[in-house]
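Turn these sequences into a full structure, and let the hints guide you.
The lines below spell out each chain.
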Amino acid sequence: MEKAKKKLEELGNKIWKDIEKGENPSIQIPIRSLSNVFYDQKTRMLMLGNKTASRYFFNIAHAKKFMQTLLVAAFCKELIDQNLHTSLRDLFYALKRTLPNSQENTFNEQNESDPIVVDLEVTLDVLREQLHLNADVRGRVVGNVVIEDRGDLVDWSKLGSGGWAIPSNVEDIIFKKVKADYILVIEKNAAFERLHEDKFWQKHKAILVTTQGQPARGTRRLIQRLATEFNLPVYVFTDLDAYGLYIYSVIKYGSISLAHVSDRLGTPNSKFLGLTMDDIDNFGLKDFTIKAEEVDIKRAQEMLKYEWFQKEEWQRLLKSLIQRKIKAELESLSGKGLKFITETYLPTKIKNQEFLD
Amino acid sequence: MPVVAECLEKLVNKDKKLILNKLQEMIKKKVEVVENGESEEEAGRVGK
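Listed in order, the protein sequences are those of chains A and B. Residue numbers for the first sequence follow this note's numbering, so the first one is 21 and each next one is one higher. Residue numbers for the second sequence follow this note's numbering, so the first one is 14 and each next one is one higher.
Read the hints as simulated data drawn from the structure, not as lab findings.
Simulated pairs of lysine-lysine, DSBU-like, Cα-Cα distance not exceeding 35 Å:
hint: 1; chain 1: B; residue 1: K29; chain 2: A; residue 2: K116
hint: 2; chain 1: A; residue 1: K37; chain 2: B; residue 2: K27
hint: 3; chain 1: B; residue 1: K35; chain 2: A; residue 2: K41
hint: 4; chain 1: A; residue 1: K27; chain 2: B; residue 2: K30
hint: 5; chain 1: A; residue 1: K23; chain 2: B; residue 2: K23
hint: 6; chain 1: B; residue 1: K27; chain 2: A; residue 2: K34
hint: 7; chain 1: B; residue 1: K30; chain 2: A; residue 2: K25
hint: 8; chain 1: A; residue 1: K71; chain 2: B; residue 2: K35
hint: 9; chain 1: A; residue 1: K41; chain 2: B; residue 2: K27
hint: 10; chain 1: B; residue 1: K30; chain 2: A; residue 2: K85
hint: 11; chain 1: B; residue 1: K29; chain 2: A; residue 2: K71
hint: 12; chain 1: B; residue 1: K27; chain 2: A; residue 2: K85
hint: 13; chain 1: A; residue 1: K25; chain 2: B; residue 2: K42
hint: 14; chain 1: A; residue 1: K41; chain 2: B; residue 2: K29
hint: 15; chain 1: A; residue 1: K219; chain 2: A; residue 2: K369
hint: 16; chain 1: B; residue 1: K29; chain 2: A; residue 2: K23
hint: 17; chain 1: B; residue 1: K27; chain 2: A; residue 2: K23
hint: 18; chain 1: B; residue 1: K27; chain 2: B; residue 2: K42
hint: 19; chain 1: A; residue 1: K71; chain 2: B; residue 2: K42
hint: 20; chain 1: B; residue 1: K35; chain 2: A; residue 2: K23
hint: 21; chain 1: B; residue 1: K35; chain 2: A; residue 2: K34
Just some of the chain B residues that point at chain A, by a computed CB distance under 10 Å:
hint: 22; residue: E19
hint: 23; residue: V25
hint: 24; residue: L36
hint: 25; residue: E38
hint: 26; residue: S52
Now the stretches of chain A that chain B is said to cover, found in silico as 3 or more residues with beta-carbon under 8 Å:
hint: 27; region: 61-75
hint: 28; region: 82-96
Values in this document were obtained by computation on a predicted structure and should not be read as measured data. The beta-carbon is built from N, C-alpha and C at its ideal position, and this holds for glycine as well.
In structure tokens form, the structure reads like this:
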């Protein structure tokens, strides 16, 4: 029997036993907030601690989430029984309905059902994919790489302007040929498009990955697999603001909310390539910066306290964001000319090994 | 309650009417329903 199905049944049986004993039915769920996440110096990843929360049915504050948890659990069991797979979006729509004789919906928005799926993952110690759920596709890649995906050979160097769309599950991808010196992970689509059009990956033997914002799990896993299986350095290229720096942190150490899967998604050898405040000064980009919002400053202040940002260079960068109250987007490099990023900025930084670690 | 019973039926192969009856019995026997809105984290600590 599939592990996930067995675990779902065990969860159901535990609740049934509570009911038979006349006890308030409950589910023990590992806490996924910063209070239960620690930085493991040995693995250099964020890991989940052992604090748990209890979700009770007969508790006014928990009842709806308890019901939602069982709805998702029962839905996943049906998927496994029928050997079907679906997306988080589909799950939300399949389960959204108004409860009889009330105005209350089971779920109002997808941002209610997504965390319940993660709750189930950590509670049952299974992966989302084992529950037969996929996330929406996000992230693209180009490079001199050939893979096999569901029996099809896909050459990442021959996919025109679009590149290969990274699926949410990359476990079964087989790498047939990988010819690259490093992986360049780019936060923004526009910068990826620029580098792709200029054939940066060909000239510099790089694999280019765009995360299109905060990286999806499939993208993080693909980066980790390429980096570890082919011993490739990973350079992360993001905006100069707290959110950009946190994208780097997520790729390198894992994320707070998904700390339970850091070992499968984190790439601790990743290095931060930019943008940095020194770049603003060294490359004369001051005129292309923008004023930081209050929310940017607040996020930088939070990150100053994170254990994994305590190195002197990171403290210096975060403090400079707070003090100078400016930020810069990757697109600002185009202010120096459309090919500045391809011909000057990246080659200079990579040649001089100007990384933050 | 009917939704929870329906879901449990799928998870443990028990008749949803049986589950619903049991839950209704619990209500009749005045199982303590927590109304003070304590968080799951607080409830977890109390439970440990």
